[in-house]
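Enquirer: So the sequence lines, in the order shown, correspond to chains B and Y. Heads up: the first sequence at position 323 corresponds to 323 in my numbering, and the numbers run straight through without jumps. Heads up: the second sequence at position 634 corresponds to 634 in my numbering, and the numbers run straight through without jumps.
Everything labelled a hint here was simulated from the structure, so no lab data went into it. Just so it is clear, the structure is predicted and the values come from calculations on it, not from any experiment. The C-beta atom is built at its ideal place from N, Cα and C for all residues, glycine as well. One or more of the hints may lead you astray.
Ranges between beta-carbon positions, derived for each pair [claimed, not checked]:
| id | chain 1 | residue 1 | chain 2 | residue 2 | range |
| --- | --- | --- | --- | --- | --- |
| 1 | Y | E528 | B | G31 | 51 to 59 Å |
| 2 | B | P45 | Y | E528 | 36 to 44 Å |
| 3 | B | P257 | Y | E528 | 20 to 28 Å |
| 4 | B | P257 | Y | G353 | 46 to 54 Å |
| 5 | B | D275 | Y | D447 | 53 to 61 Å |
| 6 | Y | A515 | B | E25 | 37 to 45 Å |
| 7 | Y | S461 | B | G31 | 27 to 35 Å |
| 8 | Y | E363 | B | S453 | 41 to 49 Å |
| 9 | Y | A566 | B | Y173 | 37 to 45 Å |
| 10 | B | T200 | Y | P458 | 23 to 31 Å |
| 11 | B | A208 | Y | L507 | 55 to 63 Å |
Quick list of in silico lysine-lysine cross-link-like pairs, DSS-like style, CA-CA up to 27 Å [claimed, not checked]:
| id | chain 1 | residue 1 | chain 2 | residue 2 |
| --- | --- | --- | --- | --- |
| 12 | B | K215 | Y | K642 |
| 13 | B | K215 | Y | K282 |
| 14 | Y | K253 | B | K215 |
| 15 | B | K220 | Y | K636 |
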Amino acid sequence: MRDIVEELEERRRIARLGGGKKRIEAQHGRGKLTARERLDLLLDPDSFEEIDMFVEHDCQEFGMQDNKVPGDGVVTGWGTVNGRPIYVFAKDFTVFGGSLSRAHSKKINKVQDMALRNGVPIIGILDAGGARIQEGVDALGGYAEVFQRNTLASGVIPQITMIMGPCAGGDVYSPALTDFIFMVRNTSYMFVTGPDVVKTVTNEEVTAEELGGAKVHTSKSSVADGAYDNDVEALTELRRLIDFLPLSNRTGVPERPTFDVRDRVEHSLDTLIPDNPNMPYDMMELVEKVVDEGDFFEIQKDFAKNVITGFGRVEGKTVGFVPSQPMTLAGVLDSDASRKAARFVRFCDCFDVPIVTFVDVPGFLPGTSQEYGGLIKHGAKLLFAYAEATVPKVTIITRKAYGGAYDVMASKHLRGDFNYAWPTAEIAVMGAKGAVEIIFRNSTEEEIAEQTSQYEERFLNPFVAAERGYIDEVIQPHNTRRRVARALALLSSKKLDNPWKKHDNIPL
Amino acid sequence: MFDKILIANRGEIACRVIKSARAMGIKTVAVYSDADALALHVREADEAVHIGGAPAAESYLVIDKILDAIKQTGAQAVHPGYGFLSENKAFAEALDKAGVAFIGPPAGAIEAMGDKITSKKLAAEAGVSTVPGHMGLIEDADEAVTIANKIGYPVMIKASAGGGGKGMRVAFNDDEAREGFQSSKNEAASSFGDDRIFIEKFVTQPRHIEIQILGDKHGNVIYLGERECSIQRRNQKVIEEAPSPFLDAKTRKAMGEQSIALAQAVDYCSAGTVEFIVDGDKNFYFLEMNTRLQVEHPVTELITGVDLVEEMIKVAVGEKLSLKQKDVKLNGWAMESRIYAEDPYRGFLPSTGRLSRYRPPVEQVVDGITVRNDTGVYEGGEISLFYDPMIAKLVTHGPDRLAAIDAMGDALDNFRIDGIRHNIDFCGAIMQHARFRNGALTTAFIDEEYPDGFEGAPMDSARIEELAVIGFTMSQMTQMRATEGSQVLAGHQFTPDVEQAVQIDDLVFTASKSAQGVVLNGVDIEVESEWLPGDLFFFGAVNGKPISLVVDRHSEGYTLTGRGAAVKVSVRRLVAQEAMAYMPEKTDGTSDKELVCPMPGVVVSVAVEEGQSVKAGEPLAVVEAMKMENILRAEKDLTVIKVLCAAGDKLAVDEVMVEFE
């Protein structure tokens, strides 16, 4: 008996060493942690339970039969984050460069299946060299097995990917199927084909960082939802995000005690909207003054900044916020902003996270680049997302809600539960001058000026909409937190079902 | 007594006057420009009258508009505050003509003291000690050099109409005198429309010390001690105190009596200030007389117990001074910090914008310590680019100088301003500065002590340890709370690691919780904390010593601000701290050598030129898009090589606007 126990410990010791000391040192030399170190930082102390530690590949080609390492390049298992369970897999770059073999993919499949069955989130940490070429089609099949499970789990359990090294070729699609992707600056990159192939095919000379670094994916391609300076910071912030997320689509949002009072009055919000309608203001101030303790986790902070998306809490419970940001492009809706917000709204709806929308939108962005880029369909995504969402929807119009953008942004007509407006709200088809120039097409400048001021007086306020019941109430800005908290508390028992369907057909 | 007075000013001084008037049962009228419609002084006054556009030249400086407001409201007197029309002879005369009392000195005194050369002559005639210099106007650079040699270098070249440091140059030799004369003249012409220049001796180890005087219309004048305002940056006062740590009773008396002599020579009444420059041997020389209430008057009020605004109003009515010189007693010490909207960490770059948080310390008198905060703003208000960048005057009073300084340090730690940059840390750093605490001041203090700019006050190891235990205590609180949420595995609740690492700069401590507080690197430290997650301030104590801090969260801990420094405290598990050894040095990641247009729009203006160096945060260009003006700022310190756009250009998104080195 004693010998067997000792053997177990010895085998564990060897398995935990992964690719060995030298490779671990090389990993550290690149400014990266090993798979097990990463899991240790992500999970609560001593909470990680490894699964399939001794799995090895069964490849018989190219001398691989003599080259086996327990674990086969991926560490899998489960643990807790602040006591709440999650499944994890982390590619081990020190073992075969973290490359994906049949056995490796089976290990990932196993935790994917367990997570889905159990209704618990799954986190993947990627740092790998792609497919295990020696295995040929087995590796390709292995990828697809992972993709299939990602897809089935989508909308059932939260899936998050942390890219902490190379991620190329077949490796990129599993992350792309998950809910959120985060990256580490300067040590991670993602692309379908790498710089060498790019050079051969298109003659473009480009570095890995320029092609698929964190900056590109957070600000240009929007593939990634956020980036951090190093592994330690990234994993710390990932814990913070997990705290906001439900375990599955069956649990509802998590709740934690808060020291912030629900009826906190913020008088400074009464002066948030500048006198000049063409002056921007920072909507983030409103967000920070509404959420518990000013704590807000922003998603896609560096992309389409004209709309903000992220999680906060109200009375200890998670809420998804979709505020326009007048600081960028006046908060206009363009293709990028529409896609960004649509995807976030759908995440919230999947997982029963109530949505609070702050509206200051002058409309959709005009121009050939937008129209050629398919603004109609991209805008429709956001419209679709809000229209189909059955979670509690609380909307506050702070200033402009013009034209189609008024409709789209969780309006009453899209089954908004509480639609409030600040006294500064302007709900209209368009700005006064534009409207008058159409209605009074052949008038003199003086007449237009006169009509403009009349139009402003009549329509650029929340009262016309309130008279029709499109706005439930015009509220004092300083009471916004109290109003939002009361609305959400009331709506916690909301029940609304869409007609049965196999699935919808969102304008992709 | 008046029933109603109008305050021809804005900001904190308007609020200050309203306070005294209200205490006297007098109704108040505020005036305001477009930019000030929501300002605090408008809210505080009984009535408010709109007087024009945001630029002062269209509102606060327009005499006719003030007169209209008086007519409209029936105000019987006007308090001019400081700045704007406070030292404008024409204004005083216009009021006189309209039969409205001016709460200030007679027009003649304003005129006599308003000109630097005339006032100096008058002072010399009244027996006031003046700086050796050439009283006459100087024709050209050659004459400037001749005179400078006669006086002896170093000399100060000054604009006659000057003020606020404009049109002033120091010369140590002929070349500098020649060059300084020309540049002073140019600057004076463009700033004041008056290019008259004079030259005087440049005083070494100079201190700025001024005498507060108060006179009535019956020929009585008293002096209320002095104020020292040596802590200045570019001739803008930052810290003021009363009394001066430098003066002895004899010098004070001499300065006071000469000030009275000068006041009587011009039939002065109301409050006024005679400014002196004092050298290292306590020789004092007359600089100028300010014929108005001074910004820093509160320090005098706190050591004398006299409400200067109240006295000014009584004098304007014609009452006799209730105080005689022998009744004036100086009690304790008062300190004032001017809280400016400027960024000391970035070369004191001015900052304007919205005060998203404005949480001043509580005004109170407790255990012989007074905290007073004169302000004209509120949370959610705006610091406008049209006016003075002063946000508030924080004033403390204690039994002695160090008590007042320490009270100021404490009060600054309880002051939070978000949304714009401010100099609270800088004032806090000065309160810690040994040379300041020793009272070894000169007007060059800031230039000498911060020659390379300001990077936060230095900290001793005890302070760093205090911040480490506070950061750890806060982190423990947050970590424990995170475990108290729903959806945890029943029966498998998690407890955070007992021992954790705390990092401040390159120092790493190990910390664990103990019954009394925290064991830091093996030493038991008592910690009391009232802090709860989300609180904007930390209030508590370390080993019984009370500590207040402004708190901001970052991804791995807190930034704690107090005692003139903002300190990043990171709290990590020990394994995470070990892992930090492998983490790459943080680079700012921007390989960007160009400013690209972030949106399709039209260039409104370009703020930089080729070859210019810009600091992080400085504006580069303004682009209008969607009818909104967006200011594009430098993300780091940069040098411009090429400007590729000009005002009026229409740009597409990502079009290169400026190239950097």
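Enquirer: What are the numbers of the hints that this structure violates, sorted from low to high?
Expert: Hints 1, 2, 4, 5, 10, 11, 13, 14 contradicted; others consistent.
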